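These protein sequence lines are chains A and B, in that order.
Under our numbering, the first sequence has 136 at position 117, and the numbering climbs by one with no breaks.
Under our numbering, the second sequence has 312 at position 293, and the numbering climbs by one with no breaks.
Heads up, a few of these hints could be off.
As the list claims (entries may be wrong) - Below, simulated DSBU-like cross-link-like pairs (lysine-lysine); rule was C-alpha separation at most 35 Å, straight line: (1) B:LYS254 x A:LYS49; (2) A:LYS280 x B:LYS196; (3) B:LYS21 x A:LYS50; (4) B:LYS21 x B:LYS254.
For the record, the hints were derived by calculation from the structure and aren't laboratory data.
Here the structure is a predicted model, which means the values were calculated and not measured.
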Amino acid sequence: MAVRPAAIAVPAGARLQPGAWTVVARFVRKKPLGAAGGALMLVMLVTAVFAERLQTHDPIATNAAYTLGQPNLEHLLGTDHLGRDIYSRIVHGARVSLVVGVASTLMGSVLGGIIGLLSGYIGGKTDLVTQRILDILQGLPLLVLALVMSAALGPSVQNVVIAISIPIIPRAARVIRSSVLSIREMQYVEAARALGVQHLRIAFRHILPNTMGPFIVLCTAQLGSAILVEATLSYLGLGVPEPYPSWGRMLSVSAAEYAQKAPHLVLFPGIAISLAVFSSNLLGDALRDTLDPRLRGS
Amino acid sequence: MKTYVAQRLVIALLTLLGMSVVIFVLLRLAPGDIVDILFSTAGYVSPSEKQAIMKELGMDRPYVVQYLDWLHQIVTGDLGKSYRYDLPAWEVIRPLVPVTLELAALSMIFAVLIGVPTGVVSAVRQDTTLDYALRVFSLAGLSMPAFWLGMVIILGLVSWFAWIPPLTYVSPTTNLKLHAIQFLLPALAVGYRSSALIMRITRSSLLEVMREDYIRTAWAKGQTGRIVIWRHALKNALLPVVTVIGIEFAFLIGGLVVTETVFNLPGVARFLVQAILWRDYPVVQNLVMFTAIVVIVSNLVVDMLYGVLDPRVRYGS
């Protein structure tokens, strides 16, 4: 990266780093697929925030006169077996998916991140024991763990968030720990220690900011899988309870029975889930390439 | 090597012990139990009868005793009794095992058959349109819910071929062809999803190997591209892929849980979901424990295998 000649002359405190817009523009040029993913995520966010304005019908109002209706101008994506408008339900489903996905990803990543930070910084026996405990959590397949947890906790939005976030903890802890292990040995950390800075302060003030790259990558990648797990739990009847319209539950077994008469019942919610997960995966991949130079091009 | 294996075995055993605690505690958090569920279908039953059933099922004992009892059962290979079916758990599970094993094996084959070639082509044609297309294809597989993919496959069959896959399990002895179709479709759905990781690892590790000196030597000898890539490069590039298959196994089980449900295959994974909904503790406990054992053993085997396949890897000294 070339340093602009003018920048050398300006007094201290001037910005040497490119502005936010420059960074975004460069990202769009270098990673068009990732940028497309980001744009789709943005669309989903807007949909989730303005669901009430974007809806054409009440998403939970049934209409016995028009069940399994084909898509038309009145019902853009048709109606389900209870006559509920599928378009409006998908719009509101974006909110459920995003809220559950973001909340569980953040909860799991932050908890796991703190565990990884402390475990990596303290090292020694503490690290060894923590890693073994995380092995226990990671040994169980993500979906099986989430299934058992949500069944044990009972159906509610909070419990679904907890059930999805627990399996994320060991994965987040691994990622943060591995970058802490290398940052810990850097000279500036040694300098801070020599100055007598307290351990907790070193860990959170000096090391933590430098793990943000991997952390953001991790969050984007986990967001997709969290949305997918929520959909799967709801599909199996262990996820977000009624009356919240969830994409997964729209596909549940009762909907599948009508699939032959009304394929749109199965197609549209599935496309919504796939697009949401796909875009967050695209964005996550591109961010990983950009923020984590070790993995560049892989 | 021997000390390494011994160490790994001890760690694996400790991990399993930890898992058993986690599983046991998780299931005891449940708000309702099997007695409540049995009663809700039977209408009102007096509290004394409820007590009697609890006692009969051994659920009135302290949790510690129940846990130790369960551990003892696992060690002696006794899987306890299913509350719901009033049968030994193993008798309920045994006929389901071959279905899941067959589906898992077929899915794994599909995952490798899709993942490795696409990964190789993607690496060889790095940064071309074909590379991008294949990467999007594999990422799409990772993004589609396994159950939805299954539903769409069935829907496609019904609307284009006016053919409905058999609704109940067909055993290979009664109709082999129908049995094959019944298994190949869900296996394809699960395998496509699982191929994504294999494709990525194949691609990145092949890209790395292609930069090595011995590959340049092979090119310099005038060897044809096909032989250089498929014989010289892939041989070493596949090593990380083997490790991934261990991780893949855990991922695969998640796919099986929903795919068996969608395709109505009487396998262990579908049964697990039903048992969870019924809070049939012994069955859920044992199945989840069984899953944990499978995952840990497969990781262990893969790690050992890695040492055999790559002579540069040496464990301990």
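Structure-based check of all given hints:
1. For the suggested pair LYS254 of chain B and LYS49 of chain A, the alpha carbons sit about 33 Å apart, so the restraint of at most 35 Å is met.
2. Of the pairs offered as hints, the one joining LYS280 of chain A and LYS196 of chain B holds, with about 28 Å between alpha carbons and a cut-off of 35 Å not exceeded.
3. Straight-line distance between C-alpha atoms of LYS21 of chain B and LYS50 of chain A comes to about 48 Å, which puts the hinted pair past the 35 Å bound.
4. For the proposed pair LYS21 of chain B and LYS254 of chain B, the alpha carbon gap of about 27 Å is at most 35 Å, so the pair holds.
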